[in-house]
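Sequences are here, hints too, so could you generate the full structure?
Residue 5 is where the sequence shown starts when you use my numbering, and the numbers rise one by one after that.
Just so you know, not all the hints are guaranteed correct.
[What the hints assert, rightly or not] Okay, the calculated beta carbon distance ranges per label pair:
(1) Phe259 <-> Ser45: 20 to 28 Å
(2) Glu97 <-> Asp17: 17 to 25 Å
(3) Ala271 <-> Glu304: 18 to 26 Å
(4) Val302 <-> Ile107: 40 to 48 Å
(5) Arg382 <-> Lys71: 24 to 32 Å
(6) Asp344 <-> Leu114: 30 to 38 Å
(7) Phe259 <-> Asp389: 40 to 48 Å
These aren't lab readings, by the way, just hints derived from the structure by calculation. Backbone N, C-alpha and C define an ideal beta-carbon position, used for all residues, glycine too.
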Amino acid sequence: MISFFSLFGLDLDRAMRPIELIFLKCDRAERRKRLMALGYSTLFLSVSVEKRHASPDPKYYFVKSLKRGDYDLLFHSISDQCEHPKASFDITEGKGRLSIAQIFRCFLLLPLLLKVRRNDWVHWLFMYLSLVKLYGAIRSIPSNKDVNVVVFADMQPLDNLLVQQANRNNQRTTTLQHGLYVDYGKADEKNVNIVNYLNAEADHFLAWGENTAGLIKRYHPEVKTFLCGKPTLVAPGRLQAEGYFTVIFDQNIFFKHNVELLKIAYAVADQLQLKVNIRLHPNNKIEWVKTDPHKTLVNEDLNSSAFVVGHTSSLIYECMRIGIPAFRYKTDVPALDMSDCIVFSSAMKLLELVESSLDAPEKLADGYIKDIGSSAERNYRLYFDEKLQPSTTDVELSV
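Rendered as structure tokens:
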């Protein structure tokens with residue numbers, strides 16, 4: 005979909021910002037390890053493309069490059085709402101084998117070395133090999149200048165480059181929302197989460213709720229936002245609490261806050277005679293934290309929790325949206341605004357909030373996630389049916 009010559013006209017630094025921010029957080033020894041791992045994966049791990057809905061004459065391309073179970077479910081639940089001819093591409097790393105094509109691309113892309121130049125040779129080579137790997141993945145998507153391009157997350161390198169090129173071709177571009185985004189401003193340039201809103205590239209942003217739609221508009225007033233909701237979130241018809249509450253762990257950049265939160269949770273659990281259920285982030289490992297096996301469960305059902313606590317995870321707000329009481333641990337880390345009735349910074353305060361009970365928690369989360377389940381599915385169907393047609397694409401509408 006993107007030719008070699010097209011790369012010269014694209015903003016590679018912008019597209020590759022997430023990769024670079026993660027790399028720069030590492031010390032020099034870790035950077036060298038990452039470079040070696042990248043060299044291996046670039047040359048020996050082929051690109052695997054899962055294709056669905058492969059219509060012979062598609063009007064829509066759906067593309068996802070982030071591999072995670074909950075992301076897969078969300079992506080497919082939204083793409084399934086498009087009833088027009090389409091092709092869906094889910095891109096991941098394949099099995100290990102030497103790729104002659106990738107070796108060839110290492111030489112083919114040499115003229116682009118200066119576009120990704122960095123002062124440190126390890127950094128520079130890392131950026132170049134990342135570009136080679138990225139280009140190999142992009143080449144797995146058939147070129148088609150007549151389709152509307154819908155990507156899962158346009159802040160991700162592959163998705164971002166596809167959208168940049170499609171915009172240059174005057175194709176309509178759309179990105180989905182994959183989580184709740186916190187506004188860190190522009191100053192915190194070392195926090196990879198800033199790309200969620202700074203890297204917005206698509207014409208249209210399909211938001212879960214007004215809060216994230218407003219964030220995108222604040223930094224990118226030219227982007228049209230549509231309130232669609234989250235279709236994979238379904239009210240459970242609350243189950244009976246099973247003698248535990250859940251601690252939702254954050255991504256690893258907030259690891260120390262996970263430890264602090266778990267300490268608070270154990271103190272509260274002792275008072276309430278409940279066990280602590282740890283809901284791990286996909287990148288966490290339970291061995292990284294000290295736990296009490298007699299008081300601890302891992303990844304049990306959220307719906308059976310007496311309540312949930314968390315730090316910055318989107319799951320806090322998702323639980324509230326479906327009626328599960330949830331409370332947020334307040335630290336100096338920027339987070340989504342929330343009522344004082346669910347915010348705590350100590351075990352004593354959390355215990356006080358829990359014992360005072362929380363009525364209608366779903367109302368507090370409505371601004372973050374508008375519609376769920378079948379109502380959200382209807383919104384996405386309406387978008388694909390009406391908002392991408394020539395007569396309405398240039399009008400700001402809210403589904």
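Cross-check of the supplied hints:
no. : hint                          : in the structure
1   : Phe259 <-> Ser45: 20 to 28 Å  : 25 Å, holds
2   : Glu97 <-> Asp17: 17 to 25 Å   : 24 Å, holds
3   : Ala271 <-> Glu304: 18 to 26 Å : 20 Å, holds
4   : Val302 <-> Ile107: 40 to 48 Å : 43 Å, holds
5   : Arg382 <-> Lys71: 24 to 32 Å  : 28 Å, holds
6   : Asp344 <-> Leu114: 30 to 38 Å : 57 Å, violated
7   : Phe259 <-> Asp389: 40 to 48 Å : 44 Å, holds
Checked against the numbered hints above, the structure violates only hint 6.
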